[in-house]
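Q: Start counting the sequence shown at 1; every next residue gets the next number (full-length UniProt numbering).
Any given hint might turn out to be false.
[Said to hold, decoys possible] Pair by pair, the computed Cβ-Cβ distance ranges are:
#1 Q40 x F307: 22 to 32 Å
#2 D378 x Q48: 18 to 28 Å
#3 P267 x I192: 51 to 61 Å
#4 H128 x G358: 15 to 25 Å
[What the hints assert, rightly or not] Straight-line distance between alpha carbons at most 16 Å, and here's what the computed EDC-like set of lysine to aspartate or glutamate pairs gives:
#5 K164 x E191
#6 K148 x D118
#7 K85 x E125
#8 K164 x D149
#9 K98 x D382
#10 K22 x D382
#11 K336 x D382
#12 K367 x D379
#13 K370 x D389
#14 K200 x D165
#15 K370 x E27
#16 K98 x D83
#17 K336 x D379
#18 K370 x D382
#19 K200 x D155
#20 K200 x D168
#21 K85 x D118
#22 K22 x E47
#23 K367 x D149
#24 K22 x D53
#25 K98 x D118
#26 K98 x D378
#27 K336 x D378
#28 K367 x D382
#29 K198 x D241
#30 K198 x D253
#31 K22 x D389
#32 K370 x D118
#33 K367 x E47
#34 K22 x D379
FYI, nobody ran anything at the bench for these hints, they're computed from the structure.
From the three backbone atoms N, C-alpha and C, an ideal C-beta is built for every residue, glycine too.
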Amino acid sequence: MNLPLDTQKNQPLPARYYLTAKQIFTEQQVLEQAYVLIEQGQIAAIEQRPSADLPVLDLGDNSVLPGFLDLHIHGREGCDIMDAKRESIETISRSLAKHGVVGFLGTTVTSTWQNTLDAFRCVGEAYHQQPSGAQVLGAYNEGLFFTKDHKGAHDEQYFLPLTKDNIDAIIDAAQGSLKVVALAPELENSEIIIPYLKSKGIRAMLGHTSANYQQTCNALHAGACGGVHVFNGMKGIHHRDPGCAGAVLLEQDAYVEVIADGIHLHPAILQLIYRLKGAEKMGLISDCIVAGGLNDGQYRLGMLDVFVNEGIARTDTGSLAGSTLTLEQAVANLIKLANIPALDAVHTASLRPAEFLGIDDQLGSIKVGKRACFAIVDDNYDVQATIIDGQLVYGAPTLSQTEPA
1 MNLPLDTQKN QPLPARYYLT AKQIFTEQQV LEQAYVLIEQ GQIAAIEQRP
51 SADLPVLDLG DNSVLPGFLD LHIHGREGCD IMDAKRESIE TISRSLAKHG
101 VVGFLGTTVT STWQNTLDAF RCVGEAYHQQ PSGAQVLGAY NEGLFFTKDH
151 KGAHDEQYFL PLTKDNIDAI IDAAQGSLKV VALAPELENS EIIIPYLKSK
201 GIRAMLGHTS ANYQQTCNAL HAGACGGVHV FNGMKGIHHR DPGCAGAVLL
251 EQDAYVEVIA DGIHLHPAIL QLIYRLKGAE KMGLISDCIV AGGLNDGQYR
301 LGMLDVFVNE GIARTDTGSL AGSTLTLEQA VANLIKLANI PALDAVHTAS
351 LRPAEFLGID DQLGSIKVGK RACFAIVDDN YDVQATIIDG QLVYGAPTLS
401 QTEPA
């Protein structure tokens with residue numbers, strides 16, 4: 001007999017069970033009332049009806065999405081990657097899990113050299129000994145190697161030369177976890193450092209830059225992967241100078257990060273990005289800071305004071321300073337503000353980031369053979385539960401557990 005699962009007792013889910021819901025967002029299509037077979041934390045089958053007599057976790061009128069991957073996130077709920085503390089990463093991890101995120105890159109911001117290295121060491125340790133919520137997929141260096149004209153919320157007095165010695169010191173501190181380095185391609189040595197990063201399996205992304213169209217194209221052809229939070233922290237599109245934004249949008253293989261909070265990018269620009277890149281080369285990020293999940297007020301981002309009003313974070317000069325966004329909100333915004341098809345919108349927060357990191361054989365979509373990592377959402381795309389490797393890491397009390405008909 002098929003037995004319902006009771007998640008209210010906070011007991012581990014069994015090694016083998018079925019999961020069902022109103023909709024299942026698989027890699028290729030949205031299925032109605034399908035069943036996903038979970039075995040030892042992996043997706044073993046996707047069926048229209050259960051073929052084995054196993055317990056069933058019935059998620060009712062909710063939908064099952066692939067777990068989100070946030071590849072550009074600074075902090076949440078009062079904690080920052082720059083705290084360089086294990087407990088801060090644990091708080092960020094648990095907070096992200098409440099919003100459907102199953103993996104993230106701990107992202108730095110411009111600070112002192114010692115604080116930067118300490119932060120990378122802490123991310124590296126968490127990468128090798130995972131926290132209890134969303135998993136640390138690696139480290140992202142956003143900071144140090146930028147230009148002042150588009151510095152945003154980065155303190156220019158701490159900018160450093162783009163040298164192999166500086167890059168190697170970060171690589172060593174991160175203990176194998178460094179996945180992305182953001183840089184301004186007009187900096188001296190960029191033509192050497194970009195291929196060097198690529199040779200190490202580290203992705204160079206272009207941002208906080210005054211680079212023009214040709215400089216950006218040169219960097220992309222040298223091995224850079226795309227644009228950091230596209231349109232923000234870079235030259236926009238002018239009809240006589242397509243700028244950095246124009247280059248990363250037009251270059252077919254360039255990947256662009258998108259902050260879909262309705263503030264950093266107008267809905268029409270979200271549509272423009274989608275039309276140029278499709279869902280294949282655009283990835284949602286939160287760029288969330290320490291204020292995420294907290295009330296309006298004054299906070300710190302790196303070495304700068306940040307003021308949050310109505311959820312919008314700015315420096316005292318008025319520059320946007322990250323966001324308080326969650327990826328569940330970003331997905332909903334792509335669908336509701338930019339009229340992007342739901343499956344494509346979901347992929348920009350899951351499959352595309354996984355492909356960018358080269359881990360799409362494990363994560364990013366609901367497909368047989370991949371890890372059982374899911375975001376359970378209601379009709380408004382608000383997260384109700386999060387599952388990592390077949391186990392609930394966050395669950396709402398309204399989940400129902402019933403036997404299939």
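Q: Confirm or reject each hint.
A: Hint check:
1. The supplied range of 22 to 32 Å is broken by Q40 and F307, whose beta-carbon atoms lie about 48 Å from each other.
2. Remark: the range hint 18 to 28 Å for D378 to Q48 is upheld by a beta-carbon distance near 23 Å.
3. Evaluation of the 51 to 61 Å hint for P267 and I192 yields a failure: the beta carbon distance comes to about 40 Å.
4. With their beta carbons about 19 Å apart, H128 and G358 fall inside the hinted range of 15 to 25 Å.
5. Between K164 and E191 the CA atoms are separated by roughly 12 Å; this keeps the pair inside 16 Å, and the hint holds.
6. Distance restraint check for K148 and D118: the Cα-Cα separation of roughly 24 Å exceeds the 16 Å cut-off, and the hinted pair is therefore not satisfied.
7. Proposed proximity of K85 and E125 is supported: the alpha carbons are some 10 Å apart, at most 16 Å.
8. Taking the CA atoms of K164 and D149, the gap is about 24 Å. The hint is violated against a cut of 16 Å.
9. This hinted pair checks out: K98 and D382 have alpha carbons roughly 10 Å apart, not beyond 16 Å.
10. In summary, the hint linking K22 to D382 is supported, as the alpha carbons are separated by about 15 Å, within the 16 Å threshold.
11. At roughly 13 Å between alpha-carbon atoms, K336 and D382 fall within 16 Å of each other, so this suggested pair holds.
12. Restraint check: the Cα-Cα separation between K367 and D379 comes to about 22 Å, which exceeds 16 Å; the hinted pair is violated.
13. With a CA separation close to 9 Å, the supplied pair K370 and D389 stays within the 16 Å bound.
14. As the CA atoms of K200 and D165 are separated by approximately 14 Å, the hinted pair is consistent with the 16 Å bound.
15. Our distance criterion of 16 Å between C-alpha atoms is met by K370 and E27, whose separation comes to about 11 Å.
16. Distance hint between K98 and D83 is unfulfilled; the C-alpha atoms sit about 21 Å from each other, more than 16 Å.
17. Pair hint K336 plus D379 holds up; C-alpha atoms about 12 Å apart against a cutoff of 16 Å.
18. As the CA atoms of K370 and D382 are separated by approximately 24 Å, the hinted pair breaks the 16 Å bound.
19. The hinted pair formed by K200 and D155 fails the criterion: a straight-line CA distance of about 28 Å is larger than 16 Å.
20. For the hint linking K200 to D168, the alpha-carbon distance of about 10 Å falls within 16 Å, and the restraint holds.
21. Restraint check: the Cα-Cα separation between K85 and D118 comes to about 9 Å, which is no more than 16 Å; the hinted pair holds.
22. Our distance criterion of 16 Å between C-alpha atoms is met by K22 and E47, whose separation comes to about 14 Å.
23. About 44 Å separates the Cα atoms of K367 and D149, which puts this hinted pair outside 16 Å; it is violated.
24. Our distance criterion of 16 Å between C-alpha atoms is broken by K22 and D53, whose separation comes to about 21 Å.
25. Our distance criterion of 16 Å between C-alpha atoms is broken by K98 and D118, whose separation comes to about 27 Å.
26. Distance restraint check for K98 and D378: the Cα-Cα separation of roughly 14 Å lies within the 16 Å cut-off, and the hinted pair is therefore satisfied.
27. Among the hinted pairs, K336 with D378 is consistent with the structure: their alpha-carbon atoms are about 15 Å apart, no more than 16 Å.
28. As the CA atoms of K367 and D382 are separated by approximately 23 Å, the hinted pair breaks the 16 Å bound.
29. For the hint linking K198 to D241, the alpha-carbon distance of about 28 Å lies beyond 16 Å, and the restraint is violated.
30. Only pairs whose Cα atoms come within 16 Å are accepted, and K198 paired with D253 is accepted, the gap being roughly 15 Å.
31. The straight-line distance between the Cα atoms of K22 and D389 is roughly 21 Å, outside the 16 Å bound, and the hint therefore fails.
32. Distance hint between K370 and D118 is unfulfilled; the C-alpha atoms sit about 34 Å from each other, more than 16 Å.
33. Using a Cα cut-off of 16 Å, the hinted pair K367 and E47 holds, with the two alpha carbons roughly 12 Å apart.
34. A hinted pair counts as satisfied when its Cα atoms are at most 16 Å apart, and K22 with D379 qualifies at roughly 10 Å.
In this structure, the earlier hints numbered 1, 3, 6, 8, 12, 16, 18, 19, 23, 24, 25, 28, 29, 31, 32 are contradicted, and the remaining ones agree with it.
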